[in-house]
Amino acid sequence: MKMKTRKLISSLLIAWMIIPAIAAQSNQNAVKVLNNTVSVLQKNAIQTNFELTVKESASAKAQKMNGSFLMQANKFVLNTSEMKVCFDGKTQWSYLPEVNEVSITNPTEKELAQTNPLALLQAYKNKSTIRFAAKNTVKTFHTIELLPKSKESDFQRIIVIVNKSNSFPQSIQLTDKKGMNTLLTLTQFKTGIKTNNSTFTFITKNYKDIEINDLR
Numbered sequence: 010m011k012m013k014t015r016k017l018i019s020s021l022l023i024a025w026m027i028i029p030a031i032a033a034q035s036n037q038n039a040v041k042v043l044n045n046t047v048s049v050l051q052k053n054a055i056q057t058n059f060e061l062t063v064k065e066s067a068s069a070k071a072q073k074m075n076g077s078f079l080m081q082a083n084k085f086v087l088n089t090s091e092m093k094v095c096f097d098g099k100t101q102w103s104y105l106p107e108v109n110e111v112s113i114t115n116p117t118e119k120e121l122a123q124t125n126p127l128a129l130l131q132a133y134k135n136k137s138t139i140r141f142a143a144k145n146t147v148k149t150f151h152t153i154e155l156l157p158k159s160k161e162s163d164f165q166r167i168i169v170i171v172n173k174s175n176s177f178p179q180s181i182q183l184t185d186k187k188g189m190n191t192l193l194t195l196t197q198f199k200t201g202i203k204t205n206n207s208t209f210t211f212i213t214k215n216y217k218d219i220e221i222n223d224l225r
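To convert, take the position in the sequence shown, counting from 1, and add 9; that gives the working numbering.
In short, the hints are calculated from the structure, not lab data. Quantities reported herein were computed from a predicted structural model and do not represent experimental measurements. Among the hints, a few may not be true.
Distance windows between CB atoms, simulated [as the list claims (entries may be wrong)]:
{"#": "1", "residue 1": "P106", "residue 2": "I202", "range": "35 to 41 Å"}
{"#": "2", "residue 1": "S77", "residue 2": "K214", "range": "20 to 26 Å"}
{"#": "3", "residue 1": "T100", "residue 2": "S48", "range": "36 to 42 Å"}
Derived SDA-like pairs: lysine to any residue, alpha-carbon spacing no greater than 25 Å straight-line [unchecked claim]:
{"#": "4", "residue 1": "K93", "residue 2": "S159"}
{"#": "5", "residue 1": "K52", "residue 2": "S176"}
{"#": "6", "residue 1": "K41", "residue 2": "F198"}
{"#": "7", "residue 1": "K119", "residue 2": "G98"}
{"#": "8", "residue 1": "K136", "residue 2": "S159"}
Built from N, CA and C at the ideal position, the CB exists for glycine as well.
Can you build the whole structure from these sequences, using the hints too?
Here you go:
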């Protein structure tokens, strides 16, 4: 075997040994970034505006919804022009002002993940392969992919874009089994919001003649 051939084979062997190690390190860093984001959302009361865009695979037109979101640990209040949702860590109230009706439930982990970004990340970060996206090219943001390990998962892929300076999630994109894409974009973050237990509770007595559907 010629010397040049030996050197080439040696170089290839070294490369094959190094690449998995680099990938593993990259995955560990992505996990660290995601954990930091979850920690920031858990420790602070954060208020943000949001835009939710949903596009089904068979539809050419996307549906959009805008509103505001206040979250602290596993509690949240979501406000849009069409509804208000409060969750105090156990009970959820979904209020429709147009018909003056509120539905009360004890949501499952899956249901919370569809509403609360923190609940979504908590639910899937330990059930997914986590890595930096191939197109992680923007200097001020991390782009992280979560690929659920279970074939029974509701989602094929979750993409989270995180601000490097403060670890806030800027957007979360979900792709489900049927190809439906859901994009949650978060803007205008505010921290230091003062809250108490009543902040995340819907007080039904404050709404005259309200219709109550208790589904617990």
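Status of the hints after comparison with the structure:
no. : hint                    : in the structure
1   : P106 - I202: 35 to 41 Å : 23 Å, violated
2   : S77 - K214: 20 to 26 Å  : 24 Å, holds
3   : T100 - S48: 36 to 42 Å  : 25 Å, violated
4   : K93 - S159              : 33 Å, violated
5   : K52 - S176              : 12 Å, holds
6   : K41 - F198              : 22 Å, holds
7   : K119 - G98              : 14 Å, holds
8   : K136 - S159             : 8 Å, holds
Hints 1, 3, 4, counting from the list given before, are not met by this structure.
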